[in-house]
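Based on the hints, put chain B in the right spot on chain A.
If you want the building blocks of each chain, they are given just below.
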Amino acid sequence: MIGPTWLAAIFGVIMLVAVAVAAAHIIAAWRTHRTTDYEIDIHNVLMGVAMAGMLIPSLLIVTTGPSTIAWLVVWILLTIWFAISVARDATQRRHGNGFTGHHLPHLVMSAAMVYMFAVMLVPASDSSASGTSGMSGMSVGGGLVPLATLDYALVIFMVGYAVLVVDRLPGLAAIGSGDLRVVGHKDTATTARPLATTTAAIINIVMAVTMGYMLTMMFA
Amino acid sequence: MSQVPRTATSTAAPTPHAVRPLVPTDWRRWLQLALAAIWVFDGILQYQTYMFSSDFSASFLPGMAEGNPEWIASSILWAAHIVEGNPVLINAGFATLQLGIGVAIAFRPTLRVGLAVSIVWSLGVWWFGEGLGMLLTGGASALAGAPGAVLLYAVLALLLWPTVKDTSTSFVAAQPVGVPAAKTVWVVLWGGLAALNLQPSQLTADSVNSTVSGMGDGQPGWVSFLINRFAEISDHNGVALSIIGAIILALVAVGIILPRRWTRAVLVAAVVVAAFIWVMGEALGAPFGGQGTDVNSGPLLALIALAYWPTTTKAVTTSTGVLA
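These protein sequence lines are chains A and B, in that order.
Residues in the first sequence are numbered from 1 upward in steps of one, following my numbering.
Residues in the second sequence are numbered from 1001 upward in steps of one, following my numbering.
Next up, chain A with everything else stripped away, as it sits in the complex (with noise of 0.2 Å):
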């Protein structure tokens, strides 16, 4: 499930760089009384965290039983507070307000993470099912993946994320994270100066590919 050994712990071993990494922006911002965005930050940091258990069963991160259950409440959590982000964006660019937030495609990886951590729990309650074993015990029993069209249309959710960040890079690059941008509405808007933007945006490509790749191996 984890496809090979080797080639999980490389993604792994990227996660805990993009945690490190998400990790330093979060105190750094801190530090520095610099504008960043914490809970897309702190949302990285569980991201990378337990992707990497996963990745990695070595780390014990992500075991099965407690562990599972306690990552999946983690993940449903996250989940609302995103979904309930979405709508209150939705909500200020119904009120005209020109920046009105980026919560969507996270509301879609907490989801997919609720997604990945419940079909690890799939195999844990039916003690007959024999297949195969990775992901930390991630199994479907030989079979067809639950819900796998909900697994494919996330996996082409994250490419299509990440070549759309990808896209960006140079406009953020221009940016800079010295130069001022607009925020708020046309008419009452100000500037700020964003912390290291283009690495915030990498961090989002590695993580999504990695999640794709991760729902791409429960393909088999």
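The hints are simulated quantities; they were obtained by calculation from the structure and are not laboratory data.
Positions of the beta carbon are idealized from the N, C-alpha and C atoms, including for glycine.
It is possible that some hints are incorrect.
Covered by chain A, per the in silico footprint, the following chain B stretches (three or more residues, Cβ under 8 Å) [said to hold, decoys possible]:
no. : region
1   : 1097 to 1110
2   : 1119 to 1125
3   : 1210 to 1222
4   : 1303 to 1310
Relative to chain A, chain B alone:
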């Protein structure tokens, strides 16, 4: 893109470059990104466990030689033998290259490099990995994925090549090669698919049924249901269905040279045909089971059709000076 500040910390006047749009502004760029996404997905599919196995190089690849002329078959077997020598390292390279092509196309400064590499790589895979789409075996059909998905990647890369030509009275596919050449590509592609349907091998009672039968196995329930129903319909009706298919494909082919007011209807029909092929003949690329290597031809045919959609958008120079 997620790190946009939620509160302002400065009251300095906004600078003009700060409001530069961060989303694609033209139809061609959206199509390029769709192509990039498919490449990224293909790269991820190539990372599946089966692709690293000796079975992939010892069985899957040599299978493409079957039915091909000797000189093609021998070249395919030669390539398969090389892969068999070090399947893990070589496949890792294959997968990473495909992932890299997708990223290169999506990243505007490397767009041309990405498209150029994709053309070279596609033609190589079309030969050595798909046996020229089995076109020379006499058994190829649109429903079975002809003319070979990877050839369509190369066609798309060509049609979506960035250009500075005025696009106000044209469609995306005509921008790099001109309207006559683009329409010729369309007629050859769809007309060729129509002709394949009229091969002797396709004009038999079970030609369609043998293509789709079993395709639904191991796929999601709704896909299996649709394929199995179509398989029932196609049973012993291969001749009629092949001829009907050939007529539809031929109409799509010639439709591009009809008056402009018919163009959109023809393109919608092409997308519907592509969707039909993708679901019924290709089972969405048959990704489930761990042996799918790409999305197959359906989405690419649809993407090509969208590249012919009439547009008045002009090519724009991006913030990096690269034409998208």
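Going down the list of hints, with the structure as the test:
1. Proximity of the region 1097 to 1110 of chain B to chain A, defined as three or more residues with a beta carbon under 8 Å from a beta carbon of that chain, is established by the 8 residues found.
2. Closer than 8 Å: that is the beta-carbon criterion, and the region 1119 to 1125 of chain B has 0 residues meeting it against chain A, so the requirement of 3 is violated.
3. Check result for the region 1210 to 1222 of chain B against chain A: holds, 4 residues qualifying (beta carbon to beta carbon below 8 Å, three or more required).
4. Using a Cβ-Cβ cut-off of 8 Å, 0 residues of the region 1303 to 1310 of chain B lie near chain A, which falls short of the minimum of three, so the contact claim is violated.
In summary, the structure is inconsistent with hints 2 and 4 from the numbered list given earlier, while agreeing with the others.
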